[in-house]
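Each chain sits in its own coordinate frame; assemble them with the hints.
Going down the list, the protein sequences come from chains A and B. Oh and the first sequence: position 199 is 199 in this note's numbering, straight run, nothing missing. Each number in this note's numbering comes from the position in the second sequence (counting from 1) with 324 added on.
Please note that a few of the clues may not be correct.
Unchecked claim - With a straight-line Cα cutoff of 30 Å, these simulated BS3-like cross-link-like pairs (lysine-lysine) come out:
{"#": "1", "chain 1": "B", "residue 1": "K331", "chain 2": "B", "residue 2": "K385"}
{"#": "2", "chain 1": "B", "residue 1": "K418", "chain 2": "A", "residue 2": "K54"}
{"#": "3", "chain 1": "B", "residue 1": "K468", "chain 2": "B", "residue 2": "K418"}
{"#": "4", "chain 1": "B", "residue 1": "K468", "chain 2": "A", "residue 2": "K3"}
{"#": "5", "chain 1": "B", "residue 1": "K468", "chain 2": "A", "residue 2": "K54"}
Read the hints as simulated data drawn from the structure, not as lab findings.
The chain contents come next:
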Amino acid sequence: MKKLNLFLGLALLLAMAIAPAYFKNYGIHIFTTWLVFIIATMGLNLTVGYAGQKSLGHAAFFGIGAYTVAICLKAGISFWLALPAGGLLCFFTGLVVGFPALRVQTIYLAFATLGFNTAAWLVMRNEEWLTGGTFGINNIARPSLGGISFDGNLAYYRMVLVFTVILAVFMWALLRSPWGKAFTALRDNPIRAESLGIDTRSYTLLSFAIGATFAGLAGGLYASQVGFIDPALFTVGASIMMYLMVVVGGPGYFLGPILGSAVGVVLPEWLRFAQAWYLFVFGAAVVVLMIWLPDGLLSIPDRIKARRQSRAASAARAAQGVKA
Amino acid sequence: MIQPVLKVTNMKKAYGAIQAVGGVSFEVRPGEIFGVIGPNGSGKTTLFNSMLGQITPDEGKIELNGEDVTTLGPFELNRRGVGRTFQTLQVFGKMTVRDNLIVAAQEHHGSMFSRMFAPSDSGLGDKADALIDQFHIRHVADKKAGELSYGQQKLVDIAMAFMSEPDLVLLDEPCAGVNPSLVGGISTLLKELNRSRRADGKSSSFVVIEHNMDFVMDLCHRIMVMVEGQVLAIGTPDEIRANKQVLDAYLGN
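So here's chain B without its partners, still in its complex pose (with noise of 0.2 Å):
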């Protein structure tokens, strides 16, 4: 039995009296696209905030690679390798592209104090030009990320989350409000970001939270359908499609 990267159990979260999170247990696979969906209040958000150390779970455990992480905070959990993107446009839009990727990783090298001698690109210039080529940036790479536009800020994001060589990124909504050419390159890139990683001998794992069908059901391994809190169904793209209940409850009109 392979170890998951990721494993949930019993995850309860309540805001007053709505049950947000009503007992949510799965596991991600080393190397697997694990797709998230279901209606909005749902509770995937409130599941990905707490996967991330934003919220605490009322009950529950989350493992990454058997180690409990249940109550770490987001830093401690990125540190470990969780690599994030927002639902909202999230880039530090005063620093150039480049810094904004080197910024994403400078603090997994070195301890603070160290860092304070350390060079200012921290020695992560060249796999920050890895990532500009590779996410098709160059020719914005010295602006600042504010400057950008959307679907550009988005990429950036979406890069960022990858600059530390995360064993796990969750990635939330990631083809929101991007105009459909984009979204076709986002998936080409994700797919390819992960087979490029497994075949460096790299655990790498993404959790996809997204509303374009066509999206998660071409990308994804594997999709859990969540309604009202409770897991409806979890299982591959073609499973998902044919379930009845899914059907009922989400993707049949």
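Just chain A, with the same shape it has in the complex (with noise of 0.2 Å):
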């Protein structure tokens, strides 16, 4: 099973390094975007899928990630500084964000963080003098690096997955190394986590702080992307449509943020044909998904083996039964 999803992860970054360079622009940015949500939802896949925490602000600390740069960069700071402060900047804000967790939990939390989602908005739109109000911030500029430049859709793509395989790997590590289990024990069951030395406290602020960081660096590489940003990208609605693509994929499983992020990002793509219906289609699929598949596409094999045990096992018991 391991090798076969690593066989699966390497097919996968091989015909996402070649295909787009057959691609229109319009699909090489379609796959930018891609790429950038699977790297956001990497993040919340930590806070929501493993760690348990219900985070209904991920589009505040894109937001946030996405002007940091902007601003920067319009400030003649270079991307290569711009990028890792708005990393660090969610980082602390995630940490903040993360102390209602330790009070409040499941939909009291979710609300709690869709406020500051809220907050984090209206000061986007609100304070000009900064963020540009309602009209944003437009010719964001791409950065080169010692010569290469990341100008081109193509180039740019590439850099974007450079960044998506280097935080991935950080994540398969951390997932890995015995943090994975505690995040994994914190929400199964926080009181009995406790009960056996971890920390419960600092896993839940880390688990909002390193997944607010990877939605800072999306939102950055978001905004050099695309050029243009304003506070209509950051909503509430963009936070649920994250969590969303957490649900859909599989909270908790490592590749469910890829699967997820190509259902809310690719899919509306090919739905184009459906025009006035997308949504409704959508919302259906949706629906029907969550009443089937409750944790997500990437739970079909485990259903389908568990199906296949109890078969097995019942086989066994009825052949027991011959016997005696």
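As structure tokens, then:
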């Protein structure tokens, strides 16, 4: 199973490295957006899927990262400083936003983070001197590094792909280390986790902070990709959409965000033919999925395995019954 | 005079007008299996929760190996050597049995930062395997804990409490909901753990809350009887059986 995952992952990576070279600009744009949302939802998957903290404020972190890069670039600061600065800012904001999670959980925590998202959005809309208000910030440049320009769409796509791979490897290593078990323990049963010496307070805050950092980096990459940002991109609705991507892909599955972001970013493009019916089709698909596969698309293999095991077990019982 | 592992002095806790625990004092000696019995509502669970840092007592002092731990929270107490099991099942259902055991001790090694770079099993694989064998759960070691039967989960739950080699283990109704044949098994296991750990020169004391009288009388070295938040008697199983007050208040019909 693990080998299969690795093989699938490498095959996917190879396809994603080669395919866009044959795409038109629009296709490259869609794929770059997909990568950006993979990074953002990987972070949210840590907070929601692994650590079990219901956060509906992820788009705010995405926005903080995007605005940090945009504002820094306008001030003449290098992209390569602006991007980590956005990530760092999100790390500390994430720590602060995590504090309500120490007191409240589930739907109440969701509402607390939703409040944060609204507040962040209001700052983006109202502080015109900094953010440009509803008009946003345009002409956000793309970076270059040591003579290599990432100005072209394909070059920028490849740059984002490298970021995605590095961040995915970091996340994989983190989840494989004892931290991954501690996060899962926190999600499954926080009281038991505490009784086993797990500092649930620190892990809760860090699950928010690390998740937020991923969103901040994704936002920064997004700002340079599209060249224009305004507050409408970072509303509560966008947070709900990211949450949906995690849930659809399979919360707590490492590859969940890849599939979930595809459903959220790429699928709407395929559904263009449905035009006015698009939202209806998408909404209906989500309802059906939540009823039949509440653990997301990636829970399908586990389900098949469980069914096969129970069938084997009942066959074994039947065989024993015959013997007796 | 040997220093007690656990010393509780004049502990009090009230919920509104109800005095759940009213001035309880006792000691648990190194290597001792100490039983706590009493009717429902006698304050056993409140006492337990304050010893475990789940709630802070209104008054009184709790000392662990001579150190005042009255105000410490659950995870700090655990790192100082207090393990526990719960009355209801508390395993991590989506992790394998082996991972349940590993996560039960991993936070006792290194710092949070160093654990970020530690191997996946924190070097605890052998120890987990040893407990898996001792608890006879080898055949389910790689299954998800949530898929096991109630009795198997109970065994995993108890094994988890022992992974970090605690000085003191608090067992909250280890036999609740367990079939009679497994009750004997759990009793044997606990005696074995107590004996082997003492033989290794480790302090290993248990405090057991349990309603199953045969189990308590057979397992415990000393027993404390609580009634209405007060200590009615402390003594060996024979003394408790012979105590007239205890018979009137609890055991007798």
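Hint by hint, here is what the structure shows:
no.	hint	in the structure
1	K331/B <-> K385/B	holds, 8 Å
2	K418/B <-> K54/A	holds, 18 Å
3	K468/B <-> K418/B	holds, 6 Å
4	K468/B <-> K3/A	holds, 20 Å
5	K468/B <-> K54/A	holds, 24 Å
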